[in-house]
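Student: I would like the entire structure built from these sequences, with the hints used as guidance.
Numbering-wise, the sequence shown is residues 1 to 281 according to the numbering used here.
A hint or two may mislead.
[As the list claims (entries may be wrong)] Pairwise CB distance ranges, derived in the manner of DEER restraints:
id: 1; residue 1: E222; residue 2: D167; range: 18 to 26 Å
id: 2; residue 1: V95; residue 2: L168; range: 18 to 26 Å
id: 3; residue 1: R15; residue 2: D257; range: 45 to 53 Å
[As the list claims (entries may be wrong)] Each computed DMTMM-like pair below joins lysine to aspartate or glutamate, with the alpha-carbon atoms no more than 20 Å apart:
id: 4; residue 1: K158; residue 2: D249
id: 5; residue 1: K149; residue 2: E222
id: 6; residue 1: K45; residue 2: D163
id: 7; residue 1: K210; residue 2: D142
id: 8; residue 1: K134; residue 2: D180
id: 9; residue 1: K115; residue 2: E97
id: 10; residue 1: K210; residue 2: E280
id: 11; residue 1: K115; residue 2: E254
id: 12; residue 1: K149; residue 2: E169
id: 13; residue 1: K45; residue 2: E169
id: 14; residue 1: K210; residue 2: E222
id: 15; residue 1: K115; residue 2: D150
id: 16; residue 1: K149; residue 2: D180
Please keep in mind that the hints were generated in silico from the structure rather than gathered at the bench.
In this text, a Cβ means the ideal position worked out from N, Cα and C, and glycines have one as well.
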Amino acid sequence: MQILHTISETRAFVRQARARGQVIGLVPTMGYLHEGHLELMRRAKDQCDIVIASIFVNPTQFGPNEDFGRYPRELERDAEMAGSVGVTAIFNPPVEEMYPPGYCTYVDVERITEKLCGVSRPGHFRGVATVVTKLFNIVQPDYAFFGQKDAQQALVIKRMTRDLNLDLEVVIVPTVREHDGLAMSSRNLYLEPDQRRAALVLSRGLERAKQALKEGERNAAEIRQLVINMIQDEPLAAIDYVELYAYPDLEPLERIDGLTLLALAVTIGRTRLIDNAILEV
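Tutor: As structure tokens, this is what we get:
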């Protein structure tokens, strides 16, 4: 497995793969890999001849009071994990390689970014859309793999890819969870033992909503309130949002009919966690 640090050497690597007629898959990450990332890489390996994983903590998607500085960075650990599931190369650029002095071009996706994390984290999706567009241009993959845990991000990337006529397929892989139901996230590292137990309220809230739907409840406001009540019963949890939207367009709804995204953002201690479920009638 190769570790590539510059755009020029990454493009040279891709040209060689293309000359051999190989199919290229890209798995964008910010590193500190976990089983969820590895599942994306396994899916990529199943579909592609060459798998490139990017490891880049992207400064443009962090707000001024967020955890950019303390976000975990352990390239040697990540490289060993990525190699174990068949990743061919890692693209690990320094910030100045992706954003040289004088950089001033950004990608904005409208409407679907104006709710959920787009409200809580202004500018976040502009940073995500920008860095992913750059990665797509650098790697020119046939397929790119993202996790369903970041449901709004996945929808933003799919919409951007379609709207800009980018020549690749975006593959969304189901959320990978710990044995107790907690969605895997690099930020789980921040949780103290009591906070880790408290964080299970997110997955329990999703399960409560599914149970209500199974029992015949269709009113979106009622299901939302059930989830809110459950989360509020956990003293260590502070709700950012609990929302239901039609999926995949994220339009408001009053009644669940068809596919619906139930999305949660909850802060446990200093750690903001997200989770979601696709509800279907």
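Student: Could you run down the list of hints and mark each one as holding or not?
Tutor: Comparing the hints with the structure gives:
1. Distance hint check: the CB atoms of E222 and D167 are about 44 Å apart, inconsistent with the given range 18 to 26 Å.
2. Taken as a hint, the range 18 to 26 Å holds for the pair V95 and L168, whose Cβ atoms sit roughly 25 Å apart.
3. Here the CB-CB span from R15 to D257 is close to 49 Å, well matched to the stated 45 to 53 Å.
4. The straight-line distance between the Cα atoms of K158 and D249 is roughly 11 Å, inside the 20 Å bound, and the hint therefore holds.
5. For the hint pairing K149 with E222, the CA-to-CA distance comes to about 23 Å; that exceeds 20 Å, so the pair is violated.
6. Using a Cα cut-off of 20 Å, the hinted pair K45 and D163 is violated, with the two alpha carbons roughly 27 Å apart.
7. Note on K210 and D142: the hinted pairing is violated, with a Cα-Cα distance of about 35 Å set against a maximum of 20 Å.
8. Our distance criterion of 20 Å between C-alpha atoms is broken by K134 and D180, whose separation comes to about 36 Å.
9. Of the pairs offered as hints, the one joining K115 and E97 is violated, with about 31 Å between alpha carbons and a cut-off of 20 Å exceeded.
10. Distance restraint check for K210 and E280: the Cα-Cα separation of roughly 9 Å lies within the 20 Å cut-off, and the hinted pair is therefore satisfied.
11. Distance restraint check for K115 and E254: the Cα-Cα separation of roughly 16 Å lies within the 20 Å cut-off, and the hinted pair is therefore satisfied.
12. About 19 Å separates the Cα atoms of K149 and E169, which keeps this hinted pair within 20 Å; it holds.
13. Proposed proximity of K45 and E169 is supported: the alpha carbons are some 15 Å apart, at most 20 Å.
14. For the given pair, K210 sits about 12 Å from E222 by alpha-carbon distance, which is consistent with the 20 Å threshold.
15. About 14 Å separates the Cα atoms of K115 and D150, which keeps this hinted pair within 20 Å; it holds.
16. Between the alpha carbons of K149 and D180 the distance comes to roughly 16 Å, so the proposed pair stays at or under 20 Å and holds.
Consistency with the previously given hints fails for numbers 1, 5, 6, 7, 8, 9, ordered from lowest to highest.
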